[in-house]
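*Asks:* Numbered per my numbering, the sequence shown finishes at 129, counting up by one with no gaps.
Keep in mind the hints are simulated off the structure, nothing from the lab. Mixed in with the good hints, there may be bad ones.
With a straight-line Cα cutoff of 27 Å, these simulated BS3-like cross-link-like pairs (lysine-lysine) come out [to be verified]:
{"#": "1", "residue 1": "48", "residue 2": "100"}
{"#": "2", "residue 1": "30", "residue 2": "100"}
{"#": "3", "residue 1": "52", "residue 2": "100"}
{"#": "4", "residue 1": "52", "residue 2": "103"}
{"#": "5", "residue 1": "25", "residue 2": "100"}
{"#": "6", "residue 1": "38", "residue 2": "129"}
{"#": "7", "residue 1": "100", "residue 2": "56"}
{"#": "8", "residue 1": "30", "residue 2": "15"}
{"#": "9", "residue 1": "103", "residue 2": "25"}
{"#": "10", "residue 1": "30", "residue 2": "48"}
{"#": "11", "residue 1": "100", "residue 2": "38"}
{"#": "12", "residue 1": "129", "residue 2": "30"}
{"#": "13", "residue 1": "52", "residue 2": "38"}
{"#": "14", "residue 1": "129", "residue 2": "52"}
{"#": "15", "residue 1": "103", "residue 2": "48"}
{"#": "16", "residue 1": "48", "residue 2": "129"}
{"#": "17", "residue 1": "104", "residue 2": "52"}
{"#": "18", "residue 1": "103", "residue 2": "38"}
{"#": "19", "residue 1": "48", "residue 2": "38"}
{"#": "20", "residue 1": "104", "residue 2": "48"}
{"#": "21", "residue 1": "103", "residue 2": "30"}
{"#": "22", "residue 1": "25", "residue 2": "52"}
{"#": "23", "residue 1": "104", "residue 2": "30"}
{"#": "24", "residue 1": "104", "residue 2": "38"}
{"#": "25", "residue 1": "129", "residue 2": "100"}
{"#": "26", "residue 1": "38", "residue 2": "25"}
{"#": "27", "residue 1": "15", "residue 2": "56"}
{"#": "28", "residue 1": "103", "residue 2": "129"}
{"#": "29", "residue 1": "56", "residue 2": "30"}
{"#": "30", "residue 1": "129", "residue 2": "104"}
Okay, the calculated beta carbon distance ranges per label pair [unchecked claim]:
{"#": "31", "residue 1": "2", "residue 2": "61", "range": "20 to 26 Å"}
{"#": "32", "residue 1": "12", "residue 2": "62", "range": "30 to 36 Å"}
{"#": "33", "residue 1": "49", "residue 2": "113", "range": "31 to 37 Å"}
Here a beta-carbon is modelled for each residue, glycine too, at the ideal position from N, C-alpha and C.
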Amino acid sequence: MTFTDTFSEFYEHFKTSLSDGTFAKLTFAKTIGNSELKNIFIRPVLDKNELKFELKFRFQQEEIMETHTVNSAFDRLLPFINNPFLSAILFTTEFDLTYKLNKKRAVSITDQPPTFGNANEVLLAYLGK
């Protein structure tokens with residue numbers, strides 16, 4: 001399976017957590033080597049009553065923010081899998097899902113008990129919950 005296929009599977013869990021109101025946050029971490037880009041944080045924002053996503057790229061010296069739809073966010077994030085990030089973690093109120101590449105670049109997707117007890121407030125407001 002390619003990174004596109006495996007990340008698509010992981011990203012479907014992200015979209016499901018949005019629709020069912022359990023999404024807390026999504027983070028890219030664990031870079032390869034000494035990368036200028038340290039993390040990417042994804043959080044929902046409302047733009048003219050439309051749900052979009054703020055991608056915060058945290059570099060060593062600065063932060064850059066971009067706003068995307070759920071579909072354009074996937075296209076923007078995909079190139080960062082394996083270069084420079086080896087993992088992405090989806091936090092929901094039901095489970096934490098980790099997308100991880102090992103040294104041989106084999107992908108594993110594992111779930112763990114949830115870290116967060118509450119879903120993202122912007123998402124809940126958007127869903128009317």
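*Asks:* Checking each numbered hint in turn, tell me which of them this model violates, lowest number first.
*Replies:* Failing hints, ascending: 1, 4, 6, 10, 12, 15, 17, 19, 20, 25, 28, 30, 31.
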